[in-house]
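Q: Each chain is listed here by its residues.
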Amino acid sequence: MDIIYTIWLRNMKRYIRSKSRIIGSVSMPLFFLLFLGFGLNSVVQLPGIGGNYILFLVPGMVSMSVMFTSVFSGIQVIWDKQFGFLKETLVAPVSRLEIMLGQTAGGATTAVLQGFIILVLSLFIGLQVSGLTGFMIALLFMALVAVSFTAFGIAIASRMEDMTGFQLIMNFVVFPIFGLSGAMFPISSLPAWILPLTLLDPMTYGVEGIRFGLTGASQINPVVCFAVIGGFSLAMTIIGAVLFRKIKI
Amino acid sequence: MTIALQIKNLSRHFNDLVAVDNISFDILQGEIFGLLGPNGAGKTTILSILATMLTPTSGSATVNGIDIEKDPDGVRKSIGIVFQDQSLDEELTAWENMDFHGRLYRIPIGTRDQRITELLTLVELNDRRDDIVKTFSGGMRRRLEIARGLLHHPAVLFLDEPTLGLDPQTRNHLWNYIAALAKEKGITIILTTHYMDEADRLCNRIAIIDHGKIIATGTPKNLKDGLGGDLVTISSPDPAAVADALKGPWIARVETHNNEVIVSLKNADQHISTIVTLLNARQVPITSIAVHKPTLEDVFLSFTGRTIREQEAGQKENMRMHMRMGRH
Numbered sequence: 000m001d002i003i004y005t006i007w008l009r010n011m012k013r014y015i016r017s018k019s020r021i022i023g024s025v026s027m028p029l030f031f032l033l034f035l036g037f038g039l040n041s042v043v044q045l046p047g048i049g050g051n052y053i054l055f056l057v058p059g060m061v062s063m064s065v066m067f068t069s070v071f072s073g074i075q076v077i078w079d080k081q082f083g084f085l086k087e088t089l090v091a092p093v094s095r096l097e098i099m100l101g102q103t104a105g106g107a108t109t110a111v112l113q114g115f116i117i118l119v120l121s122l123f124i125g126l127q128v129s130g131l132t133g134f135m136i137a138l139l140f141m142a143l144v145a146v147s148f149t150a151f152g153i154a155i156a157s158r159m160e161d162m163t164g165f166q167l168i169m170n171f172v173v174f175p176i177f178g179l180s181g182a183m184f185p186i187s188s189l190p191a192w193i194l195p196l197t198l199l200d201p202m203t204y205g206v207e208g209i210r211f212g213l214t215g216a217s218q219i220n221p222v223v224c225f226a227v228i229g230g231f232s233l234a235m236t237i238i239g240a241v242l243f244r245k246i247k248i
Numbered sequence: 000m001t002i003a004l005q006i007k008n009l010s011r012h013f014n015d016l017v018a019v020d021n022i023s024f025d026i027l028q029g030e031i032f033g034l035l036g037p038n039g040a041g042k043t044t045i046l047s048i049l050a051t052m053l054t055p056t057s058g059s060a061t062v063n064g065i066d067i068e069k070d071p072d073g074v075r076k077s078i079g080i081v082f083q084d085q086s087l088d089e090e091l092t093a094w095e096n097m098d099f100h101g102r103l104y105r106i107p108i109g110t111r112d113q114r115i116t117e118l119l120t121l122v123e124l125n126d127r128r129d130d131i132v133k134t135f136s137g138g139m140r141r142r143l144e145i146a147r148g149l150l151h152h153p154a155v156l157f158l159d160e161p162t163l164g165l166d167p168q169t170r171n172h173l174w175n176y177i178a179a180l181a182k183e184k185g186i187t188i189i190l191t192t193h194y195m196d197e198a199d200r201l202c203n204r205i206a207i208i209d210h211g212k213i214i215a216t217g218t219p220k221n222l223k224d225g226l227g228g229d230l231v232t233i234s235s236p237d238p239a240a241v242a243d244a245l246k247g248p249w250i251a252r253v254e255t256h257n258n259e260v261i262v263s264l265k266n267a268d269q270h271i272s273t274i275v276t277l278l279n280a281r282q283v284p285i286t287s288i289a290v291h292k293p294t295l296e297d298v299f300l301s302f303t304g305r306t307i308r309e310q311e312a313g314q315k316e317n318m319r320m321h322m323r324m325g326r327h
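Read top to bottom, the protein sequences are chains A and E.
All residue numbers for the first sequence refer to numbering that gives the first Met the number 0, where the first residue is 0 and numbers rise by one.
All residue numbers for the second sequence refer to numbering that gives the first Met the number 0, where the first residue is 0 and numbers rise by one.
Computed list of lysine to any residue pairs in SDA-like fashion (alpha-carbon distance at most 20 Å, straight line):
1. E:Lys-246 - E:Ile-261
2. A:Lys-18 - E:Asp-130
3. A:Lys-80 - E:Met-52
4. A:Lys-247 - E:His-12
5. E:Lys-133 - A:Trp-78
6. E:Lys-69 - A:Ser-94
7. E:Lys-133 - E:Gly-164
8. A:Lys-12 - E:Asp-130
Distance ranges between label pairs, derived from CB positions:
9. A:Ala-226 - E:Asn-125: 50 to 56 Å
10. E:Lys-184 - A:Ala-226: 54 to 60 Å
11. E:Ser-59 - A:Met-135: 52 to 58 Å
No lab work stands behind these hints, which were simulated from the structure alone.
Note that beta-carbon positions come from the ideal geometry of N, C-alpha and C, so glycine has one too.
Same shape as in the complex, but just chain E (with noise of 0.2 Å):
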């Protein structure tokens, strides 16, 4: 396997601010790779760094070969970015937004044409091509970026946070979209995202990142299956004595978080009765028991010792929303 990309000891600082913190991967060509972490982990500056709108503080990264500090240029070539925020011309039509981008990168008339055509029929908009982008909605806007991102035939796709803000029908459509976009054209693909189903759905392999750190590479079932089995979360109000109690061979880890304690083990469900039992004949309280398969949730819990700041990531996005809604 050829490597697409290959970082090689990046950080990029903000004054006093590490944003990105001395991080290294490589990704293979043909991946979708993920970079899977909270609002604000460092992800999208990597990504600005990696499409050379951002200059590292140190370190290096090739793109397709070509070395981000000393052909831009070149790198700008072979990347198709569809960003965070939207960034078509509302005022213009899906074809006319298209037709600029390939002009912009230099296609030529009738190679343009086509592939507009093209692009737009996979992307499913042809027969919304001479609509003003004003009319459309949050997930068509999307592939219309996704769309316009790949017409100078890239060799990697940024995507950052790709259905941020879109409704889950939306989202599984866009998904699917994504997925067959990497079988059929061998793109690669990196996205950034801190939803953990999106992550886990589409990715080959991811970098959990926090703090400008990466704290865990790998497959989404290789960094799952490293949390030893099956999860059983306990709440009490007594958490240090449930910790204290649950020991023995079949389990593989116990970790505390708050009033929770996480047991991780092999068929968990054939030990639920043990564990109650062990915990009664203490007489520690239960407050809740409960059985689940582990998710990267629970990966990046068990890294960072905090869950994925869901409900900040709300907040930020409602706001998101509403600058744009202000706009209008």
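This is chain A alone, in the form it adopts within the complex (with noise of 0.2 Å):
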């Protein structure tokens, strides 16, 4: 425990000395929900879900906004491997499986704040939570995300030699499976072909979940969320471990 809590405080003090990142990170998601959210909000009607897209908008960018950080969060692993720090850690008498704990756990850490602070941004527009329940639910749901998305970003990170991969891994991997999540659209209003790709997607429940905390409605059972996102989280720690113990520096 006290070796996972060690790399964790690493983590957080390296992201708050970035305040580059920090800014960096909430801007994109943010510029999407002003942008699409006040485009769209007067053209775009959502059938069977109550309120204006902007509101429905909202969970979407928490949720991308965790997402984000977290693969990126995880790959850094890279970054560590490149200027040598990762030797540092390899070669002190700790397991790995603690290496990469604390990893995830710092890195899924950064991702909770970054989409609290869109979370937080977010109550300037108008989202009204409906109470600390949901609140509380919310931020399960994005942590759960969190740790899943920094677990991924290990284990590619563990397969990879450098960063010249990271584009192809953000443009092929983690921009299909936001964009198929339905942050951005209620899956029910999806085409037959598409909703099967849509469920088999585990950020849609992530997006879901998150969405039932803070609007208190959802197209997904938020126990089903609950089960998918959990069990994908704990998947996704047990896969970048072992591709994290295996890694070669």
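Combine both chains into one complex, guided by the hints.
A: Okay, here's the thing in structure tokens:
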């Protein structure tokens, strides 16, 4: 536990110092929220779901912020590899599992914090959290998404030599997972052939869970959401840990 | 004297490449032991095996009496390492880098803080303890890494090319630190280097390594004395004729490398005129002639027939620096 805390602590220190990164990764979902939200608010009708599009979009953008930050945090292991710092940790008398879990905890915490910033900013454009319970539910789902995708990032980083493949992963893996998840549109309005894809996407359940917490309404039963994204986060952590064990320096 | 490290018939293969080829040697406690050889000779591989970061293909080794394969964690606890490439977190301060290390090695908080202050003072970085490492010069970073490597009081300290890429002044400074450390703390230090002067100046004993094999072991003095006195290097368009002309009981050895003939003999200054007279009598042309005390470079040359590939080393170093800069 003390080792996990040590590595978590290092991640926190780096996070707090990287002001540009904090602002950088908040800006993207925030711009999406503002442009898409205000731009489409009057045009888009949401059959079956009360409220307007911009409030529908808020949970989606919170998810986006959490997901992208966590993938990025996980992939940062590559930088530690390149800058040599990973050697310092790997040669210490600690297990790789502890290192991986510490890294996951650190990355996930930063991701949840980033999502939280979007959440707070959304309060200014009309988001009304239903209550403490709803807020805690949203936070729980944010944490599960964060753990899943930090572990996912670490798994990828364990197999990659340098950052050159990063763009490829972002465009062909991360973005499709996000795009299919129903963060930006209600999944009930999708054509029938896409729907199964969306339901196969674990992120869908994360987004819907966060949406349930924040707005009190979701298209998938929150218990199902919890089971799927919870299971996914566990699976990703195991895969990440296994691949991290094999890392070569 | 107790044995700090024992290496027996150690080999490491990477597919077809034999990086370490059946090496054996012992290192005594408190010694500064140097692994000297050109880049790619297998020095870092040996260090990685001893630090349990690589497993040997065959053979065995103990560090501080602990078997590297049976109890890698035990080995890790008793060693400190300064890697060839920097391994600090540049975004953290000097203190935080030390603190992180202390926590990883589970040093209790009180002892930890006290030791960090003590070590940062030792490497003269205590006044910069709260500065981000990014602002540090190459020499400062190296000193910080050495301090960090000592934090958990290791019995053995590994230094992989400790002065690579540093300016001469900083190197000198660092050598003094390392020598003082070994003396004060009684730590066994193993360092790898391809700098002859470094090995000569710093090490009690060295092993010269080439192509994964140990080609000579001994104190720098013994190795140099083994060449048989001073060295006279004669360049000539006809080296064979030179070698042929120089024979006699006053000459210890004659070796030919390319266009140079290297003659080992005692009191070379007194024999220069004899050599010149001899060669002139046979009408052997001389391009140049030089006398010098033997260095480890000459030892390496005499064992391998090649000079340590300084040029190649320089290129690699440049590339490494280049890569490092490119990352910022």
